[in-house]
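Undergrad: Protein sequence lines correspond, in order, to chains A and B. Counting in the working numbering, the final residue of the first sequence is number 400, and the numbers go up one at a time with none missing. Counting in the working numbering, the final residue of the second sequence is number 400, and the numbers go up one at a time with none missing.
Careful: at least some of the hints might be erroneous.
Remember, identical chains collapse to one label, so a pair may be satisfied in a single copy or spanning two.
Straight-line alpha carbon distances no greater than 27 angstroms define the calculated DSS-like cross-link-like pairs of lysine-lysine that follow [what the hints assert, rightly or not]:
hint	residue 1	residue 2
1	Lys242	Lys272
2	Lys274	Lys242
3	Lys70	Lys285
4	Lys236	Lys288
5	Lys70	Lys111
6	Lys288	Lys235
7	Lys235	Lys274
8	Lys288	Lys216
9	Lys387	Lys235
10	Lys70	Lys398
11	Lys398	Lys50
12	Lys50	Lys395
13	Lys288	Lys277
14	Lys365	Lys236
15	Lys398	Lys26
16	Lys288	Lys78
17	Lys20	Lys398
18	Lys272	Lys70
19	Lys285	Lys85
20	Lys285	Lys272
21	Lys288	Lys274
22	Lys288	Lys70
Don't read these hints as lab results, they were simulated from the structure.
Letter by letter, the chains look like this.
2 protein chains.
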Amino acid sequence: MAGNAVIGQSGGPTAVINQSLVGVIEALSAAQKAGKIGKILGAKHGVRGIVNNDFLALDNLSKDLLERVAQTPSSALGSTRDKPDEAYCLKIFESFKKNNITNFFYIGGNDSADTARITAEMAKAAGVALNVYHVPKTIDNDLRTTDHCPGYGSAGKFVALAHQGDDADNRSLPGIKINCIMGRDAGWLTAAAALARVEENDGPHLIYLPEVDFSEERFIADVDRVFGKLGRCIIAVSEGVRYKADDKKSLLAEKIMSGGEVDAHGNRQLSGSGALADYLTNLIKEKLGKVIEGRTGKAPKLRVRGDTFGYLQRSFPTIVSESDAFEARECGRRAVQYSLTAPEGLSSGSVAMKRTSDSPYKIDFFPTALSNVARQTKHMPVEWIVNGNDVSAAYIKYAKPLVGPVPKPGKLF
Amino acid sequence: MAGNAVIGQSGGPTAVINQSLVGVIEALSAAQKAGKIGKILGAKHGVRGIVNNDFLALDNLSKDLLERVAQTPSSALGSTRDKPDEAYCLKIFESFKKNNITNFFYIGGNDSADTARITAEMAKAAGVALNVYHVPKTIDNDLRTTDHCPGYGSAGKFVALAHQGDDADNRSLPGIKINCIMGRDAGWLTAAAALARVEENDGPHLIYLPEVDFSEERFIADVDRVFGKLGRCIIAVSEGVRYKADDKKSLLAEKIMSGGEVDAHGNRQLSGSGALADYLTNLIKEKLGKVIEGRTGKAPKLRVRGDTFGYLQRSFPTIVSESDAFEARECGRRAVQYSLTAPEGLSSGSVAMKRTSDSPYKIDFFPTALSNVARQTKHMPVEWIVNGNDVSAAYIKYAKPLVGPVPKPGKLF
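Kindly produce the complete structure, drawing on both the sequences and the hints.
TA: In structure tokens form, the structure reads like this:
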């Protein structure tokens, strides 16, 4: 009798993580019909559902429901922040053996890839027959090996559209506006703000990423220059900006929120709080105010506002990149295909993408070892960061097909 | 020779304020062709452009540009927060006389209606021939006389979709989530969060509006009850919640942000800061933590997050309600029609809407005196607020056709 398959979702939600889920279900249903797979199970809240024997039957779901699930943001199976240690993994195996599970599909980011890797290695060491496939997803776009990550394009579209609207807002009522964007260790999502620009002087005018040292003095000087030229300034700031790019301990947000929560991965909670935006807003009011006063002899009345995009950017319904939705679904399907055929001998691995052409945009999918994806973060290349406060044309060329087209704003002046 | 017409936009942006602008331009172009109007001018940044003689020529704009402007959020002419006093108004008249302006169209909220009213009255007293028409717009939906305001439906759609996504997010990674929504004095926009719900137990689970007294004790008890039942809780809170509903001085946000900015209308800046969300987040962590500890003897680890929707909710491209876009355009057209034909003797006035049928949804447009719209705020009827923490079916019936359909989320459990 063919073994059963279980699917889990892990980590922060995205707009298309359920596309991947539906892709896995679709391909498993076909495999099931061909007698290659037994039951199709969904683990509620990832590995937590596996150890708690908390499964959903995913066989015979209607096409209508599956399509609605695919279009719903966030993880339909429920997610988890748990990171299994050895004892946790033993419980996973017990559950797998008990439920005759031979194929495990885990949709998630690099922490989830690491969970998949540990699970696969422990299964191998324990002599348990188990193929583990990781399906990449993260709005952070920080997985190694793959050209980009499902989830990034749609979150990038939200960030780009938000900045386009905010730029129109700021033209209408000029001032200085800061937008804080997710991405603890990598600036990819913040960089997508640049895709809002259609014409010269469109915002964002300044972009700050975790990959370069953040200096409050340079920040104030940058804002002073843009504000002096345009009478307004839109600034995109990653929640992960830090005083020293290679030093996690120098995060601005940590300095501001010392005492905040730390999760199971040792990460401090940065989102779900407006603290960084409020800190930078006050910094500009104070320091830039003094700079201008020193130069002109007059204390300026600066209109400075800060927004934190928070959870909106990762799970806003209807704001989905077309290529992202397609690729997320396809990554799910490929995971099943790779898991059952073990190409390149990889019966466990992760699905990755390789760009074969920029124009027209074309992608190939391929299997890669879990160790090529797990743990480490893929940063924005420093050569794509300009002057420490902007991104390059090479980044735009890379990101545009992932995010898709943005409207051309109508302007009267 | 026919006099010239000038159009201005004022106050906070909306997703459809440029639909109204294009509606005015379209109708004025037709009137111009019929010889009823001379030049069509746009005042840059509202009354400020008028007194500074800072006009744009709006004759002969291409249909393509006008349609792109109509679909671009925020005020394409630029906006202002200026509120003219007597001296300011005299400068407006001088500009009008100098530029042979006989028709003034002002697109804005109740502060803008008041500016229009003052301007019209001063023109009358000064014997200056001038028809002033106000075109309603505000995401706050707080203008009197009209059934609802252009701009509300689209902002409501953003708020409803955001909550739908956030509810999926919160199901996936359960916790307590607070969303702070614009609306200084009226709860209309916050109430729109309720339109996110499709099935039982969908969030938001609690909704707090400025129209009822806010009690921190009741708030904590409400969250305790929902969290105890569902293991999660989504809360929509207006930025304008206050300890006493009829007392502006008891705003929570003011208590938290005392020392913040006050604008020309005497309003304290509430948006563009995450302070209220952060305050309520900490309140729940502390007080609810103690309540649960007192009952169970164990200090719970509560996952509480707060997002502030900020400027995103008022100018996000592509998130537009269809009926809202149509009505905003039509209000602009009607303003020109009313201004030129002076129905009911109202050569100056405001455009209002009357609902003639709920199902199918139908609206009639009519002219009303500026004094019927200016200054005072239209609050949510208290009978539409349930238990101080939710809205009624009557509100849903009222708001649904304004916001339009929301997706039906696909759920697996």
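Undergrad: Treating 27 angstroms as the Cα threshold, decide for Lys236 and Lys288: within, between, both or neither.
TA: between (34 angstroms within a copy, 24 angstroms between copies)
Undergrad: Is the C-alpha distance from Lys288 to Lys70 at most 27 angstroms within one copy, between copies, in both cases, or in neither?
TA: Answer is between: at 18 angstroms across copies they meet the 27 angstroms cutoff, but 49 angstroms inside does not.
Undergrad: Checking an output row: Lys50 and Lys395, CA cutoff 27 angstroms. Within, between, both or neither?
TA: between (36 angstroms within a copy, 15 angstroms between copies)
Undergrad: First find the shortest C-alpha distance between Lys398 and Lys26 inside one copy, then the shortest across copies, and answer within, between, both or neither for a cut-off of 27 angstroms.
TA: For Lys398 and Lys26, only the inter-copy Cα distance (20 angstroms) is at most 27 angstroms; the intra-copy one is 57 angstroms.
Undergrad: Check Lys285 against Lys85 for me: Cα-Cα at most 27 angstroms, and say if that holds within a copy, between copies, both or neither.
TA: Result: close neither inside a copy nor across copies, 75 angstroms intra and 34 angstroms inter.
Undergrad: Taking 27 angstroms as the upper bound on the Cα-Cα distance, should Lys288 and Lys235 be classified as within, between, both, or neither?
TA: between (35 angstroms within a copy, 25 angstroms between copies)
Undergrad: Go through the copies and call it for Lys274 and Lys242: within, between, both or neither, with a Cα cutoff of 27 angstroms.
TA: Both ways: Lys274 and Lys242 sit 18 angstroms apart in one copy and 25 angstroms across, limit 27 angstroms.
Undergrad: I want to check one pair: Lys235 and Lys274. Are their C-alpha atoms no more than 27 angstroms apart within a copy, between two copies, both, or neither?
TA: Classified as within; 25 angstroms inside a copy, 32 angstroms across copies.
Undergrad: Between Lys285 and Lys272, at a C-alpha cutoff of 27 angstroms, which is it: within one copy, between copies, both, or neither?
TA: The answer is within: 14 angstroms in one copy meets 27 angstroms, while 43 angstroms across copies does not.
Undergrad: Are the CA atoms of Lys20 and Lys398 at most 27 angstroms apart within a copy, between copies, both, or neither?
TA: Classified as between; 24 angstroms across copies, 56 angstroms inside a copy.
Undergrad: Can you give me the call for Lys387 and Lys235, within, between, both or neither, at a CA distance of at most 27 angstroms?
TA: neither (29 angstroms within a copy, 47 angstroms between copies)
Undergrad: My question is about Lys288 and Lys277: at a cut-off of 27 angstroms on alpha-carbon distance, are they close within one copy, between copies, both, or neither?
TA: Within one copy, since 11 angstroms is at most 27 angstroms while 43 angstroms is not.
Checked against the numbered hints above, the structure breaks hints 9 and 19 and satisfies the rest.
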